[in-house]
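Protein chains: 2
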Amino acid sequence: MTTESPETDSGFHVFDTTLRDGAQREGINLTVADKLAIARYLDDFGVGFIEGGWPGANPRDTEFFARAQQEIDFRHAQLVAFGSTRRAGGSAAEDPQVAALVASGAPVVTLVAKSHDRHVELALRTTLEENLEMVRDTVSHLREQGRRVFVDCEHFFDGYRANPEYAKAVVRTATDAGAEVVILCDTNGGMLPAQIQAVVSTVLADTGARLGIHAQDDTGCAVANTLAAVDAGATHVQCTANGYGERVGNANLFPVVAALELKYDKRVLPAGALAEMTRISHAIAEIVNLAPSTHQPYVGVSAFAHKGGLHASAIKVDPDLYQHIDPARVGNSMRMLVSDMAGRASIELKGKELGIDLGDDRDLVGRVVARVKERELRGYTYEAADASFELMLREEVEGRARGYFRTESWRAIVEDRPDGSHANEATVKLWAKGERIVATAEGNGPVNALDKAMRVGLERIYPQLAKLELVDYKVRILEGRHGTESTTRVLVTTSDGTGEWSTVGVAENVIAASWQALEDAYTYGLLRAGVEPAV
Amino acid sequence: MTTESPETDSGFHVFDTTLRDGAQREGINLTVADKLAIARYLDDFGVGFIEGGWPGANPRDTEFFARAQQEIDFRHAQLVAFGSTRRAGGSAAEDPQVAALVASGAPVVTLVAKSHDRHVELALRTTLEENLEMVRDTVSHLREQGRRVFVDCEHFFDGYRANPEYAKAVVRTATDAGAEVVILCDTNGGMLPAQIQAVVSTVLADTGARLGIHAQDDTGCAVANTLAAVDAGATHVQCTANGYGERVGNANLFPVVAALELKYDKRVLPAGALAEMTRISHAIAEIVNLAPSTHQPYVGVSAFAHKGGLHASAIKVDPDLYQHIDPARVGNSMRMLVSDMAGRASIELKGKELGIDLGDDRDLVGRVVARVKERELRGYTYEAADASFELMLREEVEGRARGYFRTESWRAIVEDRPDGSHANEATVKLWAKGERIVATAEGNGPVNALDKAMRVGLERIYPQLAKLELVDYKVRILEGRHGTESTTRVLVTTSDGTGEWSTVGVAENVIAASWQALEDAYTYGLLRAGVEPAV
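Heads up: the protein sequence lines correspond to chains A and B, in order.
Numbering-wise, the UniProt record's numbering puts 523 at position 523 of the first sequence, and it's gapless, one number per residue.
Numbering-wise, the UniProt record's numbering puts 381 at position 381 of the second sequence, and it's gapless, one number per residue.
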């Protein structure tokens, strides 16, 4: 099934459990097609093992194993079935749950085993001796069926604190029965790195077993806990893409492998894979239908974004002064944010990023800085409105506004009728190519009605507007202690199918601010489409 | 200014820099009012120090320091001004930037100093000797002005790697000149806990200085890095609420203090403060207008939510089997994602809090739970709208709506005129005490016009409305991928001079949602005033 060994040169295991433990995250609900798509990305990324689910526990997971082996030509990963040790008092060879693991066809099985004495007694309701026998019997049986076996010791760290000898007995029993790796799980996620490191060191010295780590993020330390275990000698890390998982989540695959490759100089992924990390992180987020976390380490869109003026001037001297790695190594890139904390340096860098050379014109840069500061004082923000910033910059550089149309006036009416229904109607009066346009439209709100009226009026002259779509709309009330008399800022994100851009409007009311943001959104869309300005 | 010592019993410093470093996060843009509101929450929470910004660097921060000292009666925190060491070749006594720090009136100043030799040469463009002199001179000057001084050693860990002797010389110089704490900053955020621990231990042994830690989260280890520094002997931690900060963010205040209090048994906050943590985290997120992270350790709504069937059945046996702490200790609660048990309990608690006894009526509680669930699914949130929740609860208990007036219909018109001015006019048709009222008013926006028309119409019948004032107004667009066709949620805070209350409205457009929130706001105001209902 695999054309290469699942381990990397060093024999270190990168084990992904996005499809099993990651799927426990609140808000994630994966179809078989989703699971197959994610498995393909994970295999591309080069993880050694993909835990696909619990075959037999639900029909979806059973189907996934069948189809994954048929439909995916794994290049790097081995498929792993997750299941439990056999029932108390039975035999592994006759246990239907164990039989389903074998039937899945997965070459590797991860068995979850209890290692905390209290859990054995309270949750399994069996004896400590029988639990050890369940581990031994199930591992042996699966080994006889030709499977590689990993054993997840659930609640290991809490169990070790309560009864270290019993916890270690579970590790020894699993190893003696043929388990290749025993994974110490911080199931409740309450541990800190120093505790993890101490326990892993001791268990390694006392048992000689090959150890792995499975960390949950309840203390916000899952990545550090995983690395602490590696420091102590663990050679197998269990992670999930983007840290998805129950409660707070699991150890995030991306910062873990980035630390191992870039900070430890360990080769844990195929050559070149790390540079795909940002793309793969975002693709998986799209599949599970969660917005990619903008502030995720290494891969977030903000991970290499700079706002402080102090930083910006230093970055002009040398980008490495304010970034811990070259973002290209993880497929990300540096971005300069424009804000009133920024000075000349960040405006110059931003201009360069947009392909507008401001190089020698100190007056021009000074004017732009002053204008940004003055507008940000009035409530505008350009760090989240690149397109409005670019329009303003071009206006300064080219000495005139980029005009495709001019607004004469507009009007929006919102009406709540006695029957509880709402009517929203807008009329716009515009000028474009020497022509006066009057258009009216209805919408489900005043902004939607204005948006529609603007399109109705302009689409005949600028057919390029037809493919523009408003994909996000944000409202923020500024100086919030004045109630409804505050200033309102609106941010609009627009798409033309190939790219997205954001624009900003600020006014004393939400409708007027929205109109400004819409004007910029359409102007930028026409600029992007290469249309010649002609008011 | 403070009535208690800013340090806790142990003398440990919890230093918050949400208002300075946290504000560097992409997407955060704080007004002075926002900063004052956040400072109040941080002081309530009991941090020892609140870094408010860089006075003199921009007018907003200067205004913040002036108003914070006038308007806030700090109970726990000392206010801290952030600034830089003096310019190369000058004198601290004559440096305008240093003068602005003194003029801010803040009793504590944090000075950022370069400690990386390459940064001194490339970014500051001065000599290593002059940089030390800048530290010495600026610290001494501020001490002479009666300020407590902390020194942030920027890029300390990278600098230590490049030139450990120079990095330590900066620490010694600052301490010798009178700095109370020297903070080692991982400015680029590239460090891992083991590295932090080793460097902090050595620097502490070699310099004897009181050390602090400032960690950025670029490796996903900021919380662990902060704790590693504490393990090595640091007694001052710099954090931001919810981990806001440049790039990926800063060490998150909440998991850091939770670990110190709950895992280290260190007393770093006033008694009882930890149990307010979830509420305070969410309140600050609302002020900066970012959705509270659902998966944040300790305080996320998912942090103690259980989905796995395995976990659910074990939790029925004993909740501690699957949670690392009792969530009540941090003001959070366990949620079973498949049961309404948690819902009932919190509704009962909430009723008790409002003085409405629901004690024995299981049907009533069930109806309220169902109604809350149904409304939250449609976008309502009651966490931040206590008054709307109370109105709904009373409606269920008393079996009828609390009516002071009934809306027949309303209409708002917003017009942008050719001269650029805006006209906003609203008409409302209401019934109160058997009378039909038609009123019209103008405002600076459609919501303001509706608000005024409602008052004009009702004040004759309910003169109590005269003293109500809208003090805050927030808009959030839900399901943001549908552009202007999304659902809109409006939160309004109203004051009657003695207290404030918040109400919520949800509709397909911002005006209709605002109207709902205003209706609840006035109804609750009349209820508070003891007026008898009479539609």
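None of these hints come from the bench; they were simulated from the model.
Treat the hints loosely; a few may be bogus.
Remember, identical chains collapse to one label, so a pair may be satisfied in a single copy or spanning two.
[Said to hold, decoys possible] No farther apart than 16 Å at their CA atoms in a straight line, the calculated lysine to aspartate or glutamate pairs in the EDC-like style are these: (1) K429 <-> D419; (2) K168 <-> D357; (3) K474 <-> E26; (4) K429 <-> D357; (5) K474 <-> E286.
Since this is a predicted model, take the numbers as computed values, not measurements.
Going through the hints against the structure:
no.: 1; hint: K429 <-> D419; result: between (31 Å within a copy, 13 Å between copies)
no.: 2; hint: K168 <-> D357; result: neither (63 Å within a copy, 42 Å between copies)
no.: 3; hint: K474 <-> E26; result: between (20 Å within a copy, 15 Å between copies)
no.: 4; hint: K429 <-> D357; result: neither (36 Å within a copy, 58 Å between copies)
no.: 5; hint: K474 <-> E286; result: both (9 Å within a copy, 14 Å between copies)
The structure is inconsistent with the numbered hints 2 and 4, although it conforms to all the rest.
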